[in-house]
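Heads up: the sequence lines are chains A and B, in that order. Quick note on numbering: the working numbering labels position 129 of the first sequence as 129, and the sequence is numbered without any gaps. Position in the second sequence counted from 1, then plus 1000, gives you the working numbering.
Treat each hint with caution, since some may be false.
Claimed, not checked - Simulated coverage check for chain A against chain B, where a stretch passes if three residues somewhere in it have a Cβ under 8 Å from a Cβ of chain B:
#: 1; segment: 271-278
#: 2; segment: 346-359
To be verified - So these bits of chain A aren't anywhere near chain B, every CB distance computed over 10 Å:
#: 3; residue: D185
#: 4; residue: L220
#: 5; residue: Q225
#: 6; residue: F467
To be verified - Only some residues are given here: those of chain A computed to face chain B with a beta carbon under 10 Å:
#: 7; residue: G54
#: 8; residue: G56
#: 9; residue: I369
By construction, these hints were calculated from the structure, which means they are not laboratory data. All C-beta atoms in this analysis are idealised placements derived from N, C-alpha and C, irrespective of residue type, glycine included.
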Amino acid sequence: MDTLINLAHGFGTVFQPLNLLLLIVGLILGLLVAVLPGLTLVMGVVLALPFTYGMGVTPAVILLTAMYVSGTYGGAFTSILFRIPGEPIDVPLLWDGYPMARAGEPALALGWTLFAALSGGLVAAIAMVFLSGPVAVVALSLSTPEYFAVILLGLSSVVALGGNSLPKALISLALGLLFSSVGTDPTYGELRFDFGISMLGDGIEYLLVMVGAYGLGEVLTRMEQRSAAVNVGSVGEIQTKLPSLRSVLDIKSTLFRGSVVGFIIGVIPGAGATIASFVSYGLETQYGKRRRELGTGIPEGIVAPQSAATASVGGAMVPLLTMGIPGSGATAIIMAAFMLQGVQPGPYVFFKSGDIVYAVFASVFLGVIGMCVIGYFAIKLLVRVLAFPEAITSAFVVMFCFMGAMASRSTVGDLWVIVSFGILGYLFERFRFPIAPMVLGAILGPLAETSFMTTMISFSNDWTVFFTRPVSGAIMVMVVLALVYPTISDRLAQRRRAQQMERT
Amino acid sequence: MAIFDLVRRSAPFVMVFGVGVWLWTVANDFAIATTLGRAGPDLWPKIVLTLLIGAALWGVVEAALKSKRGDDTSILITNAARSAGHEEDAREDLEGDAESAEKRPIFAILGIASMLGYVIVIPYLGFVISTFLLLLAIMMFAGYDKPLRAVVISGVGALAFFAVFQRLVYVSLPMGMGPFKELTLALMALLGVR
């Protein structure tokens, strides 16, 4: 009952004029970045971050959460209509959404997407509200060894699930952790890796790592490719047609599966909307009633990935708000928005500043509904954005990145740092190193180090404590499993493939 | 050819390995160090450096063993796409422009040069002119083929950013030197900023 009362207060907070305005702005921006060539969901949220400096924590997080929610939906339009996935999330939509559009039902394909995003988003939002409390209670009982183990689990699953090359992901993570250790050591006050440069003595702000690597790095990569502008042709006929109630009831199991899978995958650090979308489609091909017809343009092929992608947002909010562990690029930035306002998300904030937490919950509910309303009525305008020249977007993205750097400490020196991370981000893209582990390492590095050093000091430098205490020991086993999973899974898949080839 | 390919694939890992070893020697020189029974400020960085160096060595071995470039997609995505019978489609669609477009690193280098140039000239030319030049340079190097329109967009964009910084974000910006400073002051007066 308390949960519902708190949630009602949360809705009251979001309905305050400024917060509501920011929610709408966030939803529109999220839809735009998902459609705009040269911009990704994470990059869009990063670019919005500097504008939150002057806001309170609640409006700031509402803005970014709204962008995150609608960013999982906007790319569906271009996937279905033009076979251009705005985000990797939308790739599975190409397999049934585009064929349905080609078969003369683009409006219905868009209607199924809207329905799936709405239902999946709301189911996950309900699960998020009722599961967060119990998770936060468990998190509250954790001591420093357990907390370190939980952070390690978050970081290792990001590394394990981010890509197939474990060494590259580990290098990315280690670099992020190293960047966070530059400057004055929190325990002894020792200057580390400052190389006599006074600016480095103050440490490297994770914001600069994030904005530089994601924003400038992506622009430089796109400049190298010089993508041509897209011709969207006439958009006069584009509209959304909602499916009938009977057809909705026919696919209720697909919807349920997609929403549950999306939520669970969202909770797992490192496995965000893209993985949710793919896994949900994959499950549909194995367990769906009409699995043999998938790929021909049936609603199940649209509902499964889209409901899971949007549901993953609710799932990703649970570890962020209850334990302070961001599991994806977008939630890392939302966490950064909290921290920039001096609030460290975790179980204490969950119980002591419930007003903020429940406002975030309410913004997920309203965000899901709002994005569908905006998507329904403004689809023609949103699709036109696809034709916007990428070169202009790139130039303004660079300036937004610089703006973020200058606004954080008002020093031109930070521009050097951000350009350096931009170059590093570009090199990462060029040599196919994942950026997300580095960013998460830079954000979670100080927390990881503090909990590690506190444990070492409290337990007389006995490092075995991480393995001998039951809870931290169990989490450490999960860390190892998370790291070996990709290798084992890959081997098993290879063996299955070899067996299949033998049979054929 | 195979040796050239091996060198190309292992070069990033070798470089990371070198950086890791060098940083280890830097960590050795911290004034306070870890001793038996006391965790010092070098302990955490050294744990991370061990991870970095170990991963770099692993990468070198992997590069030597793998004959072809590995797939960089998450294992969960690969497995799901494979079970859906869309493995190839997924790879193509996920890689998108990155693979299909012809790569011309010169434009990325020009982009980097523009950004570095911006940081160098901003104390002298001030925010507005430097920003105008940066916007124009990025647009042109990113392939925008309408120079006149680019000049107008850059000019309007630079003024808009200046106004946002001065009136909304309240950040003090580099004003430039000599006549450029005069120009910045005139613009500030126009915006009503003292």
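Outcome of the hint check:
Restraint check on the segment 271-278 of chain A versus chain B: 4 residues with Cβ-Cβ distances below 8 Å, three needed, restraint holds. A stretch counts as covered by a chain when three or more of its residues have a beta carbon under 8 Å from one of that chain; for the segment 346-359 of chain A and chain B the count is 0, and the coverage is violated. At the 10 Å boundary, the C-beta of D185(A) falls inside the reach of chain B, the nearest C-beta of that chain being 4 Å off. A Cβ of chain B approaches the Cβ of L220(A) within 10 Å, the least distance being about 5 Å, so the stated non-interface status is violated.
A Cβ of chain B approaches the Cβ of Q225(A) within 10 Å, the least distance being about 4 Å, so the stated non-interface status is violated. Even its closest Cβ contact with chain B, about 15 Å, leaves F467(A) beyond 10 Å, as expected for a residue assigned away from the interface. The restraint placing G54(A) at the interface with chain B holds, with a minimum CB-CB distance near 7 Å, inside the 10 Å limit. Restraint check, G56(A) versus chain B: the minimum CB separation of about 16 Å is more than 10 Å; hint violated.
About 29 Å separates the beta-carbon of I369(A) from the nearest beta-carbon of chain B, more than 10 Å, and the hint is not met.
Checked against the numbered hints given earlier, the structure breaks hints 2, 3, 4, 5, 8 and 9 and satisfies all the rest.
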